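Given the sequences, and given the hints that come with them, work out the whole structure.
Quick note: the sequence shown uses the numbering used here, first residue 64, plus one each step.
Treat the hints with care, as some may be off.
Pairwise CB distance ranges, derived in the manner of DEER restraints [what the hints assert, rightly or not]: (1) Ser212 to Ser331: 30 to 36 Å; (2) Ala221 to Thr291: 34 to 40 Å; (3) Ala221 to Arg117: 48 to 54 Å; (4) Glu236 to Gly140: 15 to 21 Å; (5) Gly168 to Ser321: 30 to 36 Å; (6) Pro129 to Gly319: 48 to 54 Å; (7) Gly140 to Leu229: 25 to 31 Å; (8) Asp164 to Pro294: 19 to 25 Å; (9) Glu316 to Ala114: 35 to 41 Å; (10) Pro177 to Met323: 33 to 39 Å; (11) Pro224 to Gln322: 43 to 49 Å; (12) Thr223 to Glu316: 43 to 49 Å; (13) Arg104 to Pro177: 19 to 25 Å; (14) Arg199 to Ser292: 22 to 28 Å.
Think of the hints as simulated: they come from the structure by calculation, not from any bench.
Model, not experiment: these values are computed from the prediction.
Backbone N, C-alpha and C define an ideal beta-carbon position, used for all residues, glycine too.
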Amino acid sequence: MAGIAVHRVQKREPHRDYLAKAADHMSERSDDYAAVTAMVRELRTFDPDSAQYRRAHAAIIDLTLPLASHIARRFRGRGQSHEDLFQVASVGLVQAVKRFDPDNGSEFLAFAIPTMMGEVRRYFRDCGWAVKVPRRLKELNNQLKDARSELSQRLGRAPTPSEMALHLGIDREELIQATIASSNYATVSTDAGQGQSGEFLAIRETLGQRDSRLDKVLDVETIRPLITSLPAREQAILRMRFFEEMTQTEIAERIGCSQMHISRLLSSALAKLRNQAGEPTARIAGAAPVLRRRRRHDAA
64 MAGIAVHRVQ
74 KREPHRDYLA
84 KAADHMSERS
94 DDYAAVTAMV
104 RELRTFDPDS
114 AQYRRAHAAI
124 IDLTLPLASH
134 IARRFRGRGQ
144 SHEDLFQVAS
154 VGLVQAVKRF
164 DPDNGSEFLA
174 FAIPTMMGEV
184 RRYFRDCGWA
194 VKVPRRLKEL
204 NNQLKDARSE
214 LSQRLGRAPT
224 PSEMALHLGI
234 DREELIQATI
244 ASSNYATVST
254 DAGQGQSGEF
264 LAIRETLGQR
274 DSRLDKVLDV
284 ETIRPLITSL
294 PAREQAILRM
304 RFFEEMTQTE
314 IAERIGCSQM
324 HISRLLSSAL
334 AKLRNQAGEP
344 TARIAGAAPV
354 LRRRRRHDAA
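Here you go:
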C-alpha cells in the first residue's frame, strides 16, 4: 500500500510465565484488519489536503471495504439490491474513518461495524415504495403485534406462522401478506412487479434466506479486537476454553487453581466482552468456533 506504513503486532520475546505467552499467542492476529487502527492513527498526522493523506485514506478504505459487502449481504432479501446496500454501507465506512478516534482505547472495527450497520438501517427507514396497501392488510397490521405477544406468553416461545394464522382466524397466505405489509423498513405491496420482463411475482417468492455465517463474520470481527483488551489471565483462559476446547477442570490443572475460580474468571471475561460489544454472551461465545477454524486454516 503506497503512502502508508502497515503496522503489525510484534511478537514479544519468550517469557517463563505461561499466561503471558498465552496472551501473546492470542494477540498475534493474522487477519487483514489487525493494522487498521494504527493506519487511522497515522492518517491523522497527515494534512487532509495532501496527496499523502489521500493515498493513506484510500488504503484504509480498500483494506476494510470487504466488510461493507458482508454487511450489505446481511440485509439482503428486504427489497433493496445488494449494490445499493453496498454503497450505503460504504458511505458508513467512510464516515467511520472520518469520525474514529484512535486514541480512545478501542479498535477501529468495534466502531466501524455499528456505524455501517446504522447507516444501512437509516437507509431503510428513509426509503419506501409508492404503493397502496389494501385496507384489509392495514387492519391486520394492528392485530399482529398483540397476537404475537399473547401467543409468546402462552406458549413460552415465539409462535409459528401457522399458530399466528389460527389465532387470528385467517389463512397462512393472508398472514404472510400482512407481515410483509407491516415491515419496519417499508410499506410494500405483495404483488409488486419484479424485473423488466413484465412478470409479476409475490414478494414472498423472491425473499432470500438468512445466512447465519455472515452474522458470524460480524461477530468475529467485533469480538476479536476486544479480546486483546482483557487482562492476560482472562485472555489465556478464553484461548484455552474456546480455542483449545479444554474443560474448566483441565484449565484449572494447567494454571494451578480451582475449577470454581476458573469458572468465575471465565464468566467475568465473557461479561466484559458482552458489555463492550453490546451483544449477548451466547453470541460472544458462539463466535469462537469460527475464530478457531480461521486459526487452523492460517496455521495450515
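Here is what the structure says about each hint:
no. : hint                         : result
1   : Ser212 to Ser331: 30 to 36 Å : holds, 35 Å
2   : Ala221 to Thr291: 34 to 40 Å : holds, 36 Å
3   : Ala221 to Arg117: 48 to 54 Å : holds, 50 Å
4   : Glu236 to Gly140: 15 to 21 Å : holds, 19 Å
5   : Gly168 to Ser321: 30 to 36 Å : holds, 32 Å
6   : Pro129 to Gly319: 48 to 54 Å : violated, 43 Å
7   : Gly140 to Leu229: 25 to 31 Å : holds, 26 Å
8   : Asp164 to Pro294: 19 to 25 Å : holds, 24 Å
9   : Glu316 to Ala114: 35 to 41 Å : violated, 58 Å
10  : Pro177 to Met323: 33 to 39 Å : holds, 36 Å
11  : Pro224 to Gln322: 43 to 49 Å : holds, 45 Å
12  : Thr223 to Glu316: 43 to 49 Å : holds, 46 Å
13  : Arg104 to Pro177: 19 to 25 Å : holds, 20 Å
14  : Arg199 to Ser292: 22 to 28 Å : violated, 53 Å
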